[in-house]
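Given the structure of chain A, go ahead and fit chain B onto it with the hints provided.
Number of protein chains: 2
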Amino acid sequence: MSVYPFKSIFLIVALALYVSETLGLSSPPEINGNLTYLWPLPSEFTHGNDTLSVDPGLLLAVGGIGGNSEILRAAFDRYRGIVFKHSDGLSIFSRLRGRRPAYDINKLKVIVHSDNEEAVYTLLQSMQEMTESRVIGVMATKLRTFGIIFTLLFIYVLCRNQLANTVYGALRGLETFSQLCAFDYGAKSVQVYKAPWYIRDKPRFAYRGLLLDTSRHFLPIDVIKQIIESMSYAKLSCHRLTVCFLFMFPHIDLKLCQSVNVMAEVDIPGHAESWGTGYPDLWPSPSCREPLDVTKNFTFDVVSGILTDMRKIFPFELFHLGGDEVNTGCWSSTPHVKQWLQSRNMTTKEAYQYFVLKAQEIAISKNWTPVNWEETFNAFAGNLNPRTVVHNWLGGGVCPKAVAKGFRCIFSNQGVWYLDHLDVPWDKFYTAEPVEGINDASKQELVLGGEVCMWGETADTSNVQQTIWPRAAAAAERLWTSREAISTGNITLTALPRLLYFRCLLNRRGVQAAPVTNSYARSPPSGPGSCYEQ
Amino acid sequence: MSVYPFKSIFLIVALALYVSETLGLSSPPEINGNLTYLWPLPSEFTHGNDTLSVDPGLLLAVGGIGGNSEILRAAFDRYRGIVFKHSDGLSIFSRLRGRRPAYDINKLKVIVHSDNEEAVYTLLQSMQEMTESRVIGVMATKLRTFGIIFTLLFIYVLCRNQLANTVYGALRGLETFSQLCAFDYGAKSVQVYKAPWYIRDKPRFAYRGLLLDTSRHFLPIDVIKQIIESMSYAKLSCHRLTVCFLFMFPHIDLKLCQSVNVMAEVDIPGHAESWGTGYPDLWPSPSCREPLDVTKNFTFDVVSGILTDMRKIFPFELFHLGGDEVNTGCWSSTPHVKQWLQSRNMTTKEAYQYFVLKAQEIAISKNWTPVNWEETFNAFAGNLNPRTVVHNWLGGGVCPKAVAKGFRCIFSNQGVWYLDHLDVPWDKFYTAEPVEGINDASKQELVLGGEVCMWGETADTSNVQQTIWPRAAAAAERLWTSREAISTGNITLTALPRLLYFRCLLNRRGVQAAPVTNSYARSPPSGPGSCYEQ
Numbered sequence: 001m002s003v004y005p006f007k008s009i010f011l012i013v014a015l016a017l018y019v020s021e022t023l024g025l026s027s028p029p030e031i032n033g034n035l036t037y038l039w040p041l042p043s044e045f046t047h048g049n050d051t052l053s054v055d056p057g058l059l060l061a062v063g064g065i066g067g068n069s070e071i072l073r074a075a076f077d078r079y080r081g082i083v084f085k086h087s088d089g090l091s092i093f094s095r096l097r098g099r100r101p102a103y104d105i106n107k108l109k110v111i112v113h114s115d116n117e118e119a120v121y122t123l124l125q126s127m128q129e130m131t132e133s134r135v136i137g138v139m140a141t142k143l144r145t146f147g148i149i150f151t152l153l154f155i156y157v158l159c160r161n162q163l164a165n166t167v168y169g170a171l172r173g174l175e176t177f178s179q180l181c182a183f184d185y186g187a188k189s190v191q192v193y194k195a196p197w198y199i200r201d202k203p204r205f206a207y208r209g210l211l212l213d214t215s216r217h218f219l220p221i222d223v224i225k226q227i228i229e230s231m232s233y234a235k236l237s238c239h240r241l242t243v244c245f246l247f248m249f250p251h252i253d254l255k256l257c258q259s260v261n262v263m264a265e266v267d268i269p270g271h272a273e274s275w276g277t278g279y280p281d282l283w284p285s286p287s288c289r290e291p292l293d294v295t296k297n298f299t300f301d302v303v304s305g306i307l308t309d310m311r312k313i314f315p316f317e318l319f320h321l322g323g324d325e326v327n328t329g330c331w332s333s334t335p336h337v338k339q340w341l342q343s344r345n346m347t348t349k350e351a352y353q354y355f356v357l358k359a360q361e362i363a364i365s366k367n368w369t370p371v372n373w374e375e376t377f378n379a380f381a382g383n384l385n386p387r388t389v390v391h392n393w394l395g396g397g398v399c400p401k402a403v404a405k406g407f408r409c410i411f412s413n414q415g416v417w418y419l420d421h422l423d424v425p426w427d428k429f430y431t432a433e434p435v436e437g438i439n440d441a442s443k444q445e446l447v448l449g450g451e452v453c454m455w456g457e458t459a460d461t462s463n464v465q466q467t468i469w470p471r472a473a474a475a476a477e478r479l480w481t482s483r484e485a486i487s488t489g490n491i492t493l494t495a496l497p498r499l500l501y502f503r504c505l506l507n508r509r510g511v512q513a514a515p516v517t518n519s520y521a522r523s524p525p526s527g528p529g530s531c532y533e534q
Numbered sequence: 001m002s003v004y005p006f007k008s009i010f011l012i013v014a015l016a017l018y019v020s021e022t023l024g025l026s027s028p029p030e031i032n033g034n035l036t037y038l039w040p041l042p043s044e045f046t047h048g049n050d051t052l053s054v055d056p057g058l059l060l061a062v063g064g065i066g067g068n069s070e071i072l073r074a075a076f077d078r079y080r081g082i083v084f085k086h087s088d089g090l091s092i093f094s095r096l097r098g099r100r101p102a103y104d105i106n107k108l109k110v111i112v113h114s115d116n117e118e119a120v121y122t123l124l125q126s127m128q129e130m131t132e133s134r135v136i137g138v139m140a141t142k143l144r145t146f147g148i149i150f151t152l153l154f155i156y157v158l159c160r161n162q163l164a165n166t167v168y169g170a171l172r173g174l175e176t177f178s179q180l181c182a183f184d185y186g187a188k189s190v191q192v193y194k195a196p197w198y199i200r201d202k203p204r205f206a207y208r209g210l211l212l213d214t215s216r217h218f219l220p221i222d223v224i225k226q227i228i229e230s231m232s233y234a235k236l237s238c239h240r241l242t243v244c245f246l247f248m249f250p251h252i253d254l255k256l257c258q259s260v261n262v263m264a265e266v267d268i269p270g271h272a273e274s275w276g277t278g279y280p281d282l283w284p285s286p287s288c289r290e291p292l293d294v295t296k297n298f299t300f301d302v303v304s305g306i307l308t309d310m311r312k313i314f315p316f317e318l319f320h321l322g323g324d325e326v327n328t329g330c331w332s333s334t335p336h337v338k339q340w341l342q343s344r345n346m347t348t349k350e351a352y353q354y355f356v357l358k359a360q361e362i363a364i365s366k367n368w369t370p371v372n373w374e375e376t377f378n379a380f381a382g383n384l385n386p387r388t389v390v391h392n393w394l395g396g397g398v399c400p401k402a403v404a405k406g407f408r409c410i411f412s413n414q415g416v417w418y419l420d421h422l423d424v425p426w427d428k429f430y431t432a433e434p435v436e437g438i439n440d441a442s443k444q445e446l447v448l449g450g451e452v453c454m455w456g457e458t459a460d461t462s463n464v465q466q467t468i469w470p471r472a473a474a475a476a477e478r479l480w481t482s483r484e485a486i487s488t489g490n491i492t493l494t495a496l497p498r499l500l501y502f503r504c505l506l507n508r509r510g511v512q513a514a515p516v517t518n519s520y521a522r523s524p525p526s527g528p529g530s531c532y533e534q
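As given, the protein sequences belong to chains A and B, one line each in that order. If you count the first sequence from 1, position 512 lands on 512 in full-length UniProt numbering, and the numbers rise without skipping. If you count the second sequence from 1, position 80 lands on 80 in full-length UniProt numbering, and the numbers rise without skipping.
In isolation and in its complexed conformation, chain A is listed as follows (with noise of 0.2 Å):
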């Protein structure tokens, strides 16, 4: 048995009965004979070396407070499915030979120590009161006939600290119980290699997020949800739609904030031109469109009316109000604007401060915590409300000096966490590091994580999720895997096998993910070969 660093605070006692060979159980890895691959790498595991085979009947027995919980049957649901996609044909040739398998395992026990369903929503009273915790799954094998033996496969202990246990950890639990999970076609059933395994894991960063744009081209519903659904195989948590509000009302789904945070950003005052299509008032002239008229008490009440309405579909506690890319040029040149702000004596910047200022008032008089993209900052950190989450986007440096002044921070610098910067390679995505120059740990706390995004100028149904994956996935183990134990040194070696490994995967689950080493995203392969080499 090998073991990895396991500094556990927890005593875990694990009985471990290993499987004869007797019984036919040990094929060796489909795809590798030394590793069962995980992505992202649990902070800390143990394993052994035997294999057991898996019921495609799978019951789950829940306990704890939280064992009733509907959404962590219907994910139990979801991942058998996943798990035994191969189940029907199976049975198909199993009927034609005659054959009825036994298992070695045929239940899953979750532990669930709260029964707050809702709790993902309320994340932010303090970031750091992670509700993705301590969520204990054991597993055991069934009564055999020739008397019991119990098989300890699987601890998985998510924890951050005592505070919150909610259903959450258990759906990460049961994605890497999935990931342990491989069919093996010799012995034609679902196979857990290297059993017993002992994990304990819990999220670097709470805020591990994906930005989605769905203003550039519209993304329907269903590839939304498929993104959603497929960003839960990686562990990311957060998920930012930029609102092209007239076109997404009709399309909201509240279900789709069940398995990840929606953050909603309206982006103003700039990036707002196609408002003036429904409410020509906002734009100062006809001829300046953008930024918004910040003259004009419709102007806010328009936003405020916006907010009220978002609130009651989005209960994620950040919104994100842009604030980057303002040129108030035309501000200037349009008369009511310049006479406005001659009798306030304001320079257009300091209209453009009070704009942004006004309407994080508007946001946090509705509960919110306001998100505002890292130019507000750069312009006037001073006067930001100290609830302020700056978001860094133009390059490095940003969140050390977020977090000098206080304010929490996410990091998406664009050189490296730009999906939509076809040349940035894995590689670059997966070294990138959100605390980078900031030594001071209660200021590294300050970065709530990070976020990489999908702009959607060339980004469309067609092709956004292979420009998603798999280079996502490679930001989303720098969130989740705890510095200490995330590949470093040559990841050629120690993180690509497994990055390969969980594109295949992505791919098995309907998920376009592309190629790993093309030296450009989303190219096609070069040519004929495995996925596991693609």
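A few of these clues could be false.
[Stated by the list, open to error] If the Cβ cut is set under 10 Å, some of the chain A residues that face chain B in the computed set are: (1) ILE221; (2) ASN345; (3) CYS504.
[Stated by the list, open to error] Lysine-lysine pairs mimicking DSS-like chemistry, simulated, CA-CA at most 30 Å apart: (4) A:LYS225 x B:LYS85; (5) B:LYS225 x A:LYS85; (6) B:LYS225 x A:LYS225.
[To be verified] Here chain B is said to cover these stretches of chain A; the calculated rule only asks that three of the stretch's residues, wherever they fall, bring their Cβ under 8 Å from a Cβ of chain B: (7) 230-237; (8) 428-439; (9) 520-526.
By construction, these hints were calculated from the structure, which means they are not laboratory data. Yeah, the Cβ is synthetic: ideal placement off N, Cα and C, and Gly gets one too.
Then chain B, alone, in the frame of chain A:
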């Protein structure tokens, strides 16, 4: 009401009571005020100018002796899911606003004249005895509070002849119905514009195929299922798997066969090098790995064994034996093969024929109709089994020669219908004509149809769907719509707007169809914009 050519031999009586403007149901189509876009175009239809709303709780009423079909009920549920995708979000909004809308249409009546769900698998006694025939769907409005209003929306007649009237025709009708339904953002409900509709439809060709190469890159079962599902949107019917059988076996799922026929291919004696990995004796020598060893009984025993196993899985009457690109060069340089040829006084070309004919006999003995690539016809047409279906690919002009000799033929001219040829635009796919060069109507009948080919050298899970769609749809209309009704002349005006719309429909249904008008297939959109224009 505009009237299209309507040559029905049945009299169709339609009661149409127009819904008054005062009901607030007369919103214009979202995309275009003049047209509802159908793809492929029905062979005959008329429509009116009314707008009807459709109840999200739409019921299915089935009549005829096939009314108890499970397949029909499952398909109805699937299509209801597609048509009312937005109803969740909608109901949230309705609840917020306290609205309880009334609908014009709350029941879909479908009459199926045959209870034979298996008929589709015995298609080829005569390929002309189409099973997708004469299914009539009639839609009527619900009982309104202020009186009884019947609004006949939709008569759908699929006919080829009077021999078969199975549930599969009803599935085609459901697809057409779903394309008539559009979510209206103004009315916030699903609407049918231009009602009432009278549609009489039938497929021009029985064989409307897509080849999926699962050998060059492994395609997971989820992806194959997605592709089969999307084929039904374009009314494609036949589907061919190039079977890499060692990998495919555990994956076969009989349920796949319900909506399309699956023709498997075992491509022998060439393109079978991988067989020797399992059975090295199939290779003439370690340095001569293909064509398969023609001299050994073992070779044909393996072929027979494989075909026996596959017969249990593939109920479709056609089976593809390949026979293409056979380079017999190394046969004559392998001593024992050379000796075998000399002892029988055979040339290598004659040995190739010997192999192909022997494989045909094996397939026929298992109650299969053999399909062979055109090389077999080109090399020894006179000796081919007369039941052979000749599969064109090298260029134009082969089907005319094949049908002249009494063979049936499938059209797949690589210059126009190979999807891996990325420089072939949608309009080349659209204008390709399977019976080109065949004037005699009785000979035209021998062209079963055609097949677009998705060879997988540079297509894997990440991009196969964007390589297939939308160009496969262009061919699908050629294969479905009658020659009288298909768009001709300036197809940029008559077909392109509908194809743009159909591509968006595929996107909405989660299919990664690429932009239509790119000069290169599967390239990304060139910039932001509406799906309806890209």
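(request) Any hints from earlier that this structure breaks? Give me their numbers in increasing order, please. (result) 2, 7 and 8
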